[in-house]
Amino acid sequence: MKTRNRDALFLLPRAGEGGPAKRGRMRARPLASPEGPSSDPAAPGHLLPFGEKGRALVFGFALLLASPAHAFLAYVTNEKGNSVTVIDTDKMTAVKTVKVGRRPRGVEISKDGAELYVCAGDDDTIQVIDTKTLQVTGNLPSGPDPELMILSPDGKTVYVSNENDNLVTLIDTQSKRRIGDVPVGVEPEGMAVSPDGRIIVNTSETTNMAHLIDTQTKAIIANVLVDARPRFAAFKPDASELWVSSEIGGTVSVIDPASHKVTEKIRFEIPGLSKEAIQPIGISFSGDGKRAYVALGPANRVAVIDTATKKIEKYLLVGQRVWHLAFTPDEKYLLTANGVSNDVSVIDVASLKVLKSIPVGAFPWGIAVAPK
Amino acid sequence: MTARMTKRCAIGALIAALSLPPASADSLRVKFGVLRQTHSSETLSILDLPAEDDTLAGALVGAEDDNTTGRFTGQSFAAADAKLAPGEDAVAAATRLVDEGASLLIVDLPAEELLRVSDALKPRGALLFNVSAPDDSLREESCRANVIHVAPTRSMLADGLAQYLVWKQWRRWLLIKGSHPADERLAAAYRASAKKFGARIVDERVYVDTEGGRRSDSGSVQTQRLIPPLTQNAPAYDVLIAADESEVFGEYLPYRSFDPRPVAGSGGLRPASWDAAHEQWGATQLQNRFFRQFRRGMNARDHQAWIAARMIGEATTRIGSAEPTALRGFLTGPEFSIAAFKGVRLSVRPWNQQLRQPILLTDGRMTVSVSPQEGFLHQTTELDTLGVDKPETKCRLQ
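If you read the protein sequences in the order shown, they are chains A and R. Per our numbering, the first sequence starts with residue 1, numbered consecutively. Per our numbering, the second sequence starts with residue 1001, numbered consecutively.
Since the hints were made in silico from the structure, they are not lab data. Careful: at least some of the hints might be erroneous.
To be verified - Counterexamples of contact, computed for chain A against chain R with all Cβ distances above 12 Å:
1) Lys99
2) Arg103
3) Ala114
4) Pro141
5) Glu147
6) Ser194
7) Asn208
8) His211
9) Asn223
10) Val224
11) Pro230
12) Glu241
13) Glu276
14) Ile278
15) Phe285
To be verified - Taking lysine-lysine and the DSS-like style, the derived pairs with C-alpha atoms no more than 27 Å apart in a straight line are:
16) R/Lys1195 - R/Lys1168
17) A/Lys91 - A/Lys80
18) A/Lys275 - R/Lys1031
19) A/Lys275 - A/Lys218
20) A/Lys310 - A/Lys353
21) A/Lys236 - A/Lys314
22) A/Lys218 - A/Lys236
23) A/Lys275 - R/Lys1168
24) R/Lys1122 - A/Lys275
Using N, Cα and C, we set each Cβ at its ideal position, and we do this for glycine too.
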């Protein structure tokens, strides 16, 4: 019930039937095309100005009263803004900006939601931020230029790729101490952990490999060659597949974690866009593993993929140079960090529609959502 | 004598002494040569003086990157350097490299020398990677099947700049060219670009090289009096284009022209395959690796040599062989692409074996823009809006 109400709230003013303000309808058209004049028209909801929300609120006032608060907080790292923007997913607006270290990119939240970890690459450290006070309370000892990290399923260990020294660093989140390093390929980036926590995966951008590492022995058990510049890795929730995106190769490799073989390559084709413009980066699976969402960078789209058939169901037009994605915990919304348009697109997962965009800081890159 | 003049050093494979998975039994050792000329130190800016390890340094970083991958695949890569002293015979040096087991050669030579080496090595089955000669003729009427061109052509560089100037609506160009044959070839590339993209050369002038050095203690005093008359009485124009491959005057033009106009080409805004100031698309990583090792910025030749070494490594990893014919087949095939910190994948034009690549526009401090520019479309890839395209090619590979 709540779901319907909230959808209505966003969708009504866009649809333009009746509604309280004519001005609102006019402004609901895209204010600027995200790709310049040659692009196809933006999804109507994209770049919806904030004022729109206010009008929607007036129109759906009764609905809002009926809807209990169930908000989440999203944390967006702004690579050039040296800040983290906090978004209230109920208000769908930025509520706070936190100054952090230089070049913040990877971001994770502790399993209890109490701490936020932010890779501050140019400060060669991971900052720990108290999610209540939003104060930086300490650091995790990464190697030089940490870029992406992943938490073990039990939340006790954080695995970090250090872009500048070809190492994956293991850090204990309790003692905040470094407990090991694993040498990997050139420019390590993407990090994934198997649902049982036994295997971590690192992708190295210039070596073009996914390195599978046993978390017990801290030794590499397999190196899987993928296409050029692999940037992100993710296990399907049932652990049956490992997906690796190749930004420059333009593909997503599907790897069998048991045999360490690439079983399939997902390719993308978007009419009117050259293949060079399609650069897969972030990958998010739905909780049931039936769908995958892949951010396509400067193609300004998120591909929606049926994981059973590997067919692309839809391309959703979002902001410019989309990097990473995060679901709200109820999986109603998927949020995307759009590096060049300095905003976050809100995708309604049920309708596969882009509802609106939320302005954030300069060059948003990473995104994580925690319960309030 | 020749042996003494040629600086030779074999750089061993860099095997990291780290706890690594054991290399597979069928490990492959690949040795490639770096055959390079001594570049002129007659550069207009002291900042552009060629380093002793010019070109080679890029190849070494490439080999090191290849070896990091090779640790996991049981392959190792090593570069053998052959730097030619002025007047030393390139064919003899190249033959020696092949004799020593390097049948893949990264070559930094002028066009005519490259052609001689290519023809001499044809019976030896060697594969050459051209990392410096920009001549279109090498990819057109004089193209050779055993040469892959990593360096962009003059026409690619000129087209890259032209697209940006047209995007800026700076369509009226005053062209000043130097008096050497290479300068005329560059001027011809700018004329062709103007025609291709709808710009107009309103007037053309020649800066005659009166010989002499580039360094002096009171250079600016003369230069600021010399350039205004050269650029005076020109028809209305938007931008001053310098075609000065010989480094005689290009960098003298900015701020000194009679009319206050921006300068582009061989001075001011320069089209280049790489610049030490470039840091987009993860380039910072490569610049850091390079600087840490060689304590200087990475120039375009270094970067092209790095790409060539990476192409060798990438192809060897993918096909499990470094045999030149197999390597060439893979590199010019549809499956090959390589990342080079320029935002998009690079691949090879199969009809003339030229590496497709974006062209950076740089003022030496910043990457101002990167071509191809938005709106210049192509049915295959926008990268093919730069340089001579397939329908116009005169190349018949053999």
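- Message: Flag every earlier hint the structure violates by its number, smallest first.
- Response: 2, 5, 7, 8, 9, 10, 11, 13, 14, 18, 19, 24
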